[in-house]
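Chains as they are written, first to last, in my numbering: chain A, 1 to 478; chain B, 479 to 727.
Everything hinted at is true.
As a list, the in silico DSS-like pairs of lysine-lysine whose alpha-carbon atoms are at most 30 Å apart:
1. A:Lys-422 <-> B:Lys-518
2. A:Lys-145 <-> A:Lys-263
3. B:Lys-556 <-> B:Lys-578
4. A:Lys-43 <-> A:Lys-165
5. B:Lys-586 <-> A:Lys-451
6. B:Lys-629 <-> A:Lys-451
7. A:Lys-467 <-> B:Lys-578
Rather than coming from a laboratory, the hints here were simulated on the basis of the structure.
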Amino acid sequence: MSDEILGEITASEYKYGFTTEIESDTVPPGLNEDVIRLISSKKNEPEWMLEWRLDAYHTWSEMVEPDWPNVHYQKPDFQAISYYSAPKQKKNLDSLDEVDPELLKTFEKLGISLDEQKRLSGVAMDVVVDSVSVATTFKETLAEKGIIFCSMSDAIQEHPELVRKHLGTVVPKRDNFYAALNSAVFTDGSFCYIPKGVHCPMELSTYFRINEAGTGQFERTLLIADAGSFVSYLEGCTAPQRDENQLHAAVVELVAMEDAEIKYSTVQNWFPGDAEGKGGVFNFVTKRGICERNAKISWTQVETGSAVTWKYPSCILKGDHSIGEFYSVAVTNKFQQADTGTKMIHLGKNTKSTIISKGISAGKSHNSYRGLVRVGARAENARNFSQCDSLLMGDQCGAHTFPYIEAQHPSAQIEHEATTSKIGEDQIFYCNQRGIGTEEAIALIVNGYCKEVLNQLPMEFAVEAQKLLEISLEGSVG
Amino acid sequence: MIKIKDLQAGIEEKEILRGIDLEINAGEVHAIMGPNGSGKSTLSNIIAGREDYEISAGTIDFEGEDLMDLSPEERAHKGVFLSFQYPVEIPGVTVSNFIKTAINESRKGRGEEAMEAREMLAMMREKTALLEMDKSYLSRSLNEGFSGGEKKRNEIFQMAMLQPKLAILDETDSGLDIDALRIVANGVNKLRSKDNAVLVITHYQRLLDYIEPDFVHVLYNGKIVKSGDKSLALELEAKGYDWIKAENA
Chain A
1 MSDEILGEIT
11 ASEYKYGFTT
21 EIESDTVPPG
31 LNEDVIRLIS
41 SKKNEPEWML
51 EWRLDAYHTW
61 SEMVEPDWPN
71 VHYQKPDFQA
81 ISYYSAPKQK
91 KNLDSLDEVD
101 PELLKTFEKL
111 GISLDEQKRL
121 SGVAMDVVVD
131 SVSVATTFKE
141 TLAEKGIIFC
151 SMSDAIQEHP
161 ELVRKHLGTV
171 VPKRDNFYAA
181 LNSAVFTDGS
191 FCYIPKGVHC
201 PMELSTYFRI
211 NEAGTGQFER
221 TLLIADAGSF
231 VSYLEGCTAP
241 QRDENQLHAA
251 VVELVAMEDA
261 EIKYSTVQNW
271 FPGDAEGKGG
281 VFNFVTKRGI
291 CERNAKISWT
301 QVETGSAVTW
311 KYPSCILKGD
321 HSIGEFYSVA
331 VTNKFQQADT
341 GTKMIHLGKN
351 TKSTIISKGI
361 SAGKSHNSYR
371 GLVRVGARAE
381 NARNFSQCDS
391 LLMGDQCGAH
401 TFPYIEAQHP
411 SAQIEHEATT
421 SKIGEDQIFY
431 CNQRGIGTEE
441 AIALIVNGYC
451 KEVLNQLPME
461 FAVEAQKLLE
471 ISLEGSVG
Chain B
479 MIKIKDLQAG
489 IEEKEILRGI
499 DLEINAGEVH
509 AIMGPNGSGK
519 STLSNIIAGR
529 EDYEISAGTI
539 DFEGEDLMDL
549 SPEERAHKGV
559 FLSFQYPVEI
569 PGVTVSNFIK
579 TAINESRKGR
589 GEEAMEAREM
599 LAMMREKTAL
609 LEMDKSYLSR
619 SLNEGFSGGE
629 KKRNEIFQMA
639 MLQPKLAILD
649 ETDSGLDIDA
659 LRIVANGVNK
669 LRSKDNAVLV
679 ITHYQRLLDY
689 IEPDFVHVLY
699 NGKIVKSGDK
709 SLALELEAKG
719 YDWIKAENA
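Make the full structure from the sequences, and use the hints.
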């Protein structure tokens, strides 16, 4: 019985599958020094930025693609990807009215009406369609507090000293294959700076979206919270349906200075591929934050999309008394594969980290948790608590857990708990008997299972995340 | 209200029910007693719509409709309620969220509006008081970490909230101490009316001291072998099931 239902639910179509007809300005496929020079000059970048990119490119050229993740896919042909794509009518916009109406319609279909967002929710958004920022809102309000929230391209032009000082300090150019690629070719992304002692008065939010067939997207995000400041940052993604695989290799760097706190929330819903496992986004992302003394970084992610995900939002707990947190829900369905988790690197004394990971696998998908907890030789009294739960739906999916623990200080306290469960027919029948249909029952059970993580999301996002869970498990969890 | 005719059913080739005939009218309380393995739980599961069973013959008519044509949730919408012998745990889903979903999904199924939050809250207060439950129950995860007695009380709480036409209590007395038994039975009695019916399934006469049945049936080897009034329950208590077994050997 439940297999049938699971099958039905798993078979539901990707609801955000549509494309917008906007003329794009695309660089021919392929990657070489000239392409990088072209990107850099199109963006009117200073010389140091070009040098930085070229250095990353040379590093990348000598690297090989990693094969240790528990995922299988056709390796992208890096010479077949176009590394720059921007909506064509690119000029500075004074208001939303000037934005291409087609584009606005797209956002509406996604349930993200900028107008609504602006008026009702007080969320400032830096909207990224393909690679160029289209509209930035609430800039003035933020500027009054000295907060800088803009596209990475603008930041390079207007705040070169900040960018130059911090770019690549958390995720170095040679960190890994995809980080190096991103460093060479990133086209845009978000930049945020919160001055000393400032509590950012609103949630900062960016929506990323891939909109051009065969275009790789390489976002670069840099978020700096100066001493004693606080910021909550939301990042959401949806992508239109495509037949060929699309590569998404982003880098996110967070810098939390003394006593600062950064809360970074992600809802990721890239196209996961169709029912046969064709198409879908490759999501190979490097996200990392560094905490100075007494600082705190909290990552929360709800991952429902992408054909292949390879992602480990991490914290380097460099300063004494710093705190790292990772809350994750990863859903895989159909033929999706996810290898995700975190790294908590304890360097300072009395550092603390918490990891709560909830994996949900349905259909023929595979879901892996991979996490590293490392306690350095000087990290006296470091503490970690990890909880990794897996929920299986049906009998054709897989859940895997790869915890790595390295403790170099005798005072380290590391706890790891893991469970694997299945949504049982008994649970579903119990709900049915109370008048709750199977799909609603699954949504209810899954939301209950993910509650600890969903509770970490800001209100606006929690609702969207719940909706997403229901959509991605519709006919898949029941 | 419900008419069961010649119901024959089994699981994986094994015959369990061998022709059950049972009619329950509105306002009545029936008790089914019988030794282990006689088919009591199978009968309640089949009425509720559990799909693990092979039904080879018979009909179940519920207020003029054939229950066999309906999914378990549709049966619930029509007013069939089963108090589970082993209620399941659903971590992270609070009792109040669960019952709210159950009530509103049932209303939706009947084409009715969702219940207003204020009304729902008032009703939850009233029913928790009826079952002498602390309000903190409502914010606990459904059945998670509940004692046996708490689970059964929570079943009757849900019954009180859903106000079914036919409530089947499958061994609701098992695992209850005497105080909890009194509270649960008291709750059931308060919910009795001329418009609804109760089917009590039990091993022991004990529960029937509190919930007085109009009819008692003895189920043995997949058949109702004896029916009578509540004195039959007392007779069974005194003599045990052996004489039934001997009579039907």
